Structure formats: structure tokens, C-alpha cells
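K.L.:
Need the complex rebuilt from these two chains, each delivered in its own frame; the hints are there to steer you.
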Amino acid sequence: DVKVTQSSRYLVKRTGEKVFLECVQDMDHENMFWYRQDPGLGLRLIYFSYDVKMKEKGDIPEGYSVSREKKERFSLILESASTNQTSMYLCASSRTGNGNSPLHFGNGTRLTVT
Amino acid sequence: AQSVTQPDIHITVSEGASLELRCNYSYGATPYLFWYVQSPGQGLQLLLKYFSGDTLVQGIKGFEAEFKRSQSSFNLRKPSVHWSDAAEYFCAVGFHNNAGNMLTFGGGTRLMVKP
Chain A
2 DVKVTQSSRY
12 LVKRTGEKVF
22 LECVQDMDHE
32 NMFWYRQDPG
42 LGLRLIYFSY
52 DVKMKEKGDI
62 PEGYSVSREK
72 KERFSLILES
82 ASTNQTSMYL
92 CASSRTGNGN
102 SPLHFGNGTR
112 LTVT
Chain B
-18 AQSVTQPDIH
-8 ITVSEGASLE
2 LRCNYSYGAT
12 PYLFWYVQSP
22 GQGLQLLLKY
32 FSGDTLVQGI
42 KGFEAEFKRS
52 QSSFNLRKPS
62 VHWSDAAEYF
72 CAVGFHNNAG
82 NMLTFGGGTR
92 LMVKP
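Residue numbers (this note's numbering), protein chains in the order written: chain A, 2 to 115; chain B, -18 to 96.
Okay, chain B solo, but in the shape it has when bound (with noise of 0.2 Å):
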């Protein structure tokens, strides 16, 4: 069964300081990989994707992250923060069953940022 790890629960950075958050997943077959971001009071966001090919991939708000299939990670990084990040990060796993087109979540990191 398909499982993704986000190993840090909270993450405190400084305006303007690099980003790096860490997912790592389980998933037998070639991993579709998203990252997402929620708001405050929000619903999620959808920052990036990877499907195949590149392993470096470009989201919005200046996000990317790199997918190492011999660690099975997908980081999500940031060369400099901004105030306006601060919000929660999910990464999740695609798969499909029976039923279609899943995603399998993990339970998030929660980013403040000092100013």
C-alpha cells in the first residue's frame, strides 16, 4: 500500500532564509508526487507536480522540488522565504484503484516564519 511521510510537524524559518520540507512515500510503481499548500482558514492549494522526466520541477510562489527515487523523497524548497508562506504544506502520492484516481496524503508540516 502507498504511504507518505512528512517527517517534520512544525518548521519555524527567518524571513528570507532558505526552505527545505521533507516527504518521503512508499508506492510499488512510478510515484505521482504532489506538493500542496493551505492557507489559514483555506482549502488546499495546489503548488506542484511531477509525473515523469525532469526530476527538478518549477511550482508558483517560487517553489520547486526534487524527486530522488533511490531515497523515495520528494522535498519541496524555497530559496528565500517570505512572510506570506507561513501556512501548512502537504505532499501526497497518485495511485489508482478499482475506484480511479487517488491521492494518499501525509499528515503535513506546519511552516511559521520569523520576521
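This is chain A alone, in the form it adopts within the complex (with noise of 0.2 Å):
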């Protein structure tokens, strides 16, 4: 089975701070990609990668930036954090594919700015 994890399940930082997400696969996956979660707002695509040392801008990328040096580690960093950054963040991996190939998730980590 493929494995997603994210390195934290909770975090509580304060604003301004610099906050790192890490994600890490373990199946040579090409794809990973960085989403938030809000109720009622639904999953919302932040940066995805699919290569190493590539990047590119999802829908809401205004407040984050990403790194990926090595293949099976895909990091989002908060360069200043806010309260509205308050979310719940899910990293996902997936293979090459021309749309069919599914992403597989990690179990999230819960961001709480303050």
C-alpha cells in the first residue's frame, strides 16, 4: 500500500512565524500535491509538483511556497504565518498519468495559527 505521511498531526504556531509541513511517500511517486481543507469551502489546491525541484501554483498560493528536493518529500512553508492560514492541510501523491491516476492522501495536519 502507498504510504503518506505527514510529519505532524497537530501544529500551533503564532503569527509571523515560519511554519514547515512535511510529506513524505514512499512509492516513487512522481506527483505530490499540497491542499487546504474549510468547511464548506471544500479541498482547495496550493502547489503541486511533478518532478523534483519542480513546482507549480495551484488555485491559492498567495502566503505559501513549496520545496521539493529529493523525490519522496514535498514541504510547504508558511513564510509568515496568519490566523487565516488556520486550516487543515493535506499532502497527496500520485503517479504520472493522464488523469487516471488517483491520489493517495495522508492523514492531514491540523494548523491552528494564533
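Source of the hints: derived by calculation from the structure; they are not laboratory data. Here the structure is a predicted model, which is why all the values come from computation and not from measurement. Be aware that one or more of the hints could be misleading.
Distance ranges between label pairs, derived from CB positions [stated by the list, open to error]: (1) B:Ser51 with A:Ile78: 20 to 30 Å; (2) A:Glu18 with B:Lys49: 44 to 54 Å; (3) B:Glu45 with A:Pro40: 25 to 35 Å; (4) A:Asn85 with B:Pro21: 37 to 47 Å; (5) A:Thr84 with B:Arg91: 18 to 28 Å; (6) B:Gly43 with A:Ser83: 34 to 44 Å; (7) B:Pro21 with A:Arg74: 21 to 31 Å; (8) B:Gly34 with A:Ile78: 25 to 35 Å.
We treat Cβ as the ideally placed atom computed from N, Cα and C, and that holds for glycine.
P.N.:
Pasting the structure below:
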């Protein structure tokens, strides 16, 4: 089974802090994704990566950056955390495909910014 | 552009009753379709997928879904709901753009199960 591991289940950070959310997958998947999930707004794509050192903006990239130095690891960075970034963050990975590769998700990181 | 609509935000059914969750998609080509389930505090787990062939697909946990091209629908069903099925369910359509393999998700349907 594919395993996508997010390093923290819960995080509490202060406004203005730099925050790193880490995600590791063990199935040699080319694609990796970061979503945030908020009540009533569903899943919104922040950034994705289709190869090492490659990144693409999703629907809501503002206030975030990402890093993919190794194939198995995809990090989401909040440069200066704000209270409106309090959310559930979900990492996912998939094989290269033409839309027929399902995403495999981690268990999520619930981030609270105070 | 592709889109997915799940018309029901919340659904409540009694344990043992049948279930149908609705999903409508908009996509220009033959769609790749998925259903995911998210238990409270967890990530999303793949229930089933449709690529081609038989329009009725079976998934895990006793779920099935039927693809109806004429209605642009991919509804999820279960004959008899168990209390452990209480969760949020997401329908998604897969597509490919210049960057690679992508999924667009519906807004989700939260299922509550009455004892």
C-alpha cells in the first residue's frame, strides 16, 4: 500500500512564525500535492509538483511556498503565518498519468495560528 | 474546464437503510472518475474509480457507483449503511494538463447515520 506520511497531526503556531509542513511518500510517485481543507470550501489546491525541483501554483498559492529537493519529500512553507491560514492541510501523491492516476492522501495536519 | 458538483451538502440516513450520494461532472472528454471517503480527522481514502468499460463499478467497504454518460453523473450507492460509514464523501474527476495528472474535487457530502 502507498503510504503518505505527514510529519505532524497537530501544530499550533504564532502569527508571523515561519512554518514548515513536511510530507513523505514511499511509492516513488512523480506527482505530489498540497491542499487545504476548510468547512464549506472543500479541498483547495495550494501547490503541486510533478518532478524533483519542479513546482506549479494551484488555486490558492498566496502566502505559501513549497520545496521538493527529493522525489519522496514535498514541503509546504508558510513564510509568515497568519490566522487565516488556520486550516487542515492535506498532502497527496500520485503516479504520472493522464488523469487516471488516483491521489493517495496523508492523514492531514491541523494547523492553528494564534 | 472540468468541474464536479455534489448537490447534497449533508445527508442523514438510518442504519441499515440504502444510500445514494449524487455527483455530477462537467468534462469535455471521457472522464476518469473517483469517489473518496474521509473519516473525521483523517485523510481521504479511495473508495472506487471508473476509467472505462462496465459502467457499474465496485469499491471497498461495500460501495458501488454507476457512471451515466447521458446524465453526466457518477452516483455512489450502498445497499445497507453501517454506523461506521458516517464520514464525508468526495467525488472527483481526473484530467491531464501541461503539468501532469490532476484531480478536481466536488465540495463533499457529509453523511450522518442514525441508529
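K.L.:
All hints, please: hold or fail.
P.N.:
Here is what the structure says about each hint:
1. Range check, Ser51 of chain B to Ile78 of chain A: about 46 Å between beta-carbon atoms, so the 20 to 30 Å window is missed.
2. Our hint of 44 to 54 Å for Glu18 of chain A and Lys49 of chain B holds, since their Cβ atoms are close to 49 Å apart.
3. The hint said 25 to 35 Å for the Cβ distance between Glu45 of chain B and Pro40 of chain A, and at roughly 29 Å that hint holds.
4. Checking the proposed 37 to 47 Å range against Asn85 of chain A and Pro21 of chain B shows it is violated: the Cβ atoms sit about 23 Å from each other.
5. For the pair Thr84 of chain A and Arg91 of chain B, the supplied restraint of 18 to 28 Å holds, since their beta-carbon distance comes to about 25 Å.
6. Separation of Gly43 of chain B from Ser83 of chain A is about 43 Å and conforms to the stated range, judged on CB atoms against 34 to 44 Å.
7. With their beta carbons about 27 Å apart, Pro21 of chain B and Arg74 of chain A fall inside the hinted range of 21 to 31 Å.
8. Taken as a hint, the range 25 to 35 Å is violated for the pair Gly34 of chain B and Ile78 of chain A, whose Cβ atoms sit roughly 43 Å apart.
In the structure shown, a violation is registered for the earlier hints numbered 1, 4, 8, in ascending order.
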